[in-house]
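A.B. asks: Residue-level listing of the chains:
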Amino acid sequence: MDQDVRLSERGLRVLRFMIDQPRIARSGAEISKATKVGSGTLYPLLARLEAAGWATSRWEDIDPHEAGRPRRRLYKLTGVGQRRAREALSRLQLGTGVPAWAT
Amino acid sequence: MGYLIDILIGAASRIMTGELSAHVEAVARWITSKAADYLPPDDRERFREEWLAHLNETPGTLRKLWHALGCHLGAGKVAGVLAQQTKRRHEDVKILTVEKSVREAKLFLLHHHGHEYFRKHSLMLKVLSEDELKAWGIIPRWAFLKKEGE
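Those protein sequence lines, which keep their order, are chains A and B. Those letters in the first sequence? Residues 0 to 102, by numbering that gives the first Met the number 0. Those letters in the second sequence? Residues 0 to 149, by numbering that gives the first Met the number 0.
Keep in mind that the hints are not guaranteed to be accurate.
[Said to hold, decoys possible] EDC-like mimics (lysine to aspartate or glutamate), calculated; alpha carbons at most 16 Å apart, straight line:
#1 A:Lys-32 - B:Glu-56
#2 A:Lys-35 - B:Glu-56
#3 B:Lys-33 - B:Glu-44
#4 B:Lys-76 - B:Asp-36
#5 B:Lys-76 - A:Glu-49
Please keep in mind that the hints were generated in silico from the structure rather than gathered at the bench. Keep in mind the model is a prediction, meaning the values are calculated, not measured.
Next up, chain B with everything else stripped away, as it sits in the complex (with noise of 0.2 Å):
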């Protein structure tokens, strides 16, 4: 009788903390996902699917456990990088007035070139003056949120 208990006990337990491991891999995935929440809204899909990346390598409930916070408290200082970052980009740009009659003046998305980051924050302006004087340059998507939402 004392042994049928033991196996009784043992495999109890055994669902028990295979159970409470599976939650616990549950709030990891919930917290890393959360922490994302701390970035900026176009920096918040990657920076999601790189930690969950990460915490799908991590052996080992606690483990999981442990990155998930550390990302939770991590996040506000990469958001305060990528703050740091667009503030530095908007430093960066200067308006400059040409004194030129523009025939044609086009915009286009950067499909091929440059980083990722560039691709989805910058738009190619290409203007072609009366004297035909071509010129083009990179514009920073933002310069255009304005006029958007007007």
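Chain A extracted, bound-state conformation (with noise of 0.2 Å):
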């Protein structure tokens, strides 16, 4: 199920914002939000990681009629993922630590 994934710049963003707090379940919109990584390249992303199993997703708990909105997607790297992503991340000296530019 482990494959590999072409990630770009963006997508290198969108990992490490996952990866910093990887218990908790993001939204494509916070995901978004947070990484100025738009829904026409994020989705696409989403899609590649949970297919390569680097993420995995469901729905928030809630009763769309009772809430009066769509239930949220959420997403979180497995463990896979979260090994791969530093990987990644590290080989490109984007790590989670000090920044490139700053050392």
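Build the complex: two chains, separate frames, hints provided.
C.D. replies: This is how it looks when you write it as structure tokens:
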């Protein structure tokens, strides 16, 4: 199930955001807002991450009729995804620690 | 008099801006909803709901429109990923021949096990052979589509 994912700079930005607090599942809107990656790039990327086994998603636990709004789909990285994301980020020196331009 | 005209122009422009904004939001909702139609039928509702939830959280009329156009442009790519995934699943299926005489075979829906996508697209097959050998396996639902259509 674990496959390679082709990552652009925006893809790495998304991974860096998701790996920051890997236990917290985030909606597409949250990820988009935090990373400034638009929907046209974000959703194909999330689909690729999910297909490759790097990320998993689930519905927000609400009743849309009671809440009066559609449910959010929440994403988080799997164990494999976290490992592969760290590798990808460290390869490009964009790790979760000190930014590349500050070293 | 001039003061009154200013007030009237101000009120009219506010009404027009408000109405335009409401129309653009409706258009954004429509584009977002339509974008899901590019996806395989089984996945449309999931992405439609997800993208509309995102639209709901997006502030500002223009940003909503931008999100809708993004979904429209990205839908083709998402469809490509989903198609690749389905193709890979089909390739993963191996047909084995078991030389046992089967006493009983049952198909079960997977209500509580595994990922939602997995539950939606798979069935569990339990087999009991004449010599009491039990076996079970997960079968993709598409494997039964031809039979159902016949």
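A.B. asks: Each hint needs a verdict: does it hold in this structure or not?
C.D. replies: Hints and how they fare:
no. : hint                : verdict
1   : A:Lys-32 - B:Glu-56 : holds, 10 Å
2   : A:Lys-35 - B:Glu-56 : holds, 14 Å
3   : B:Lys-33 - B:Glu-44 : holds, 11 Å
4   : B:Lys-76 - B:Asp-36 : holds, 13 Å
5   : B:Lys-76 - A:Glu-49 : holds, 14 Å
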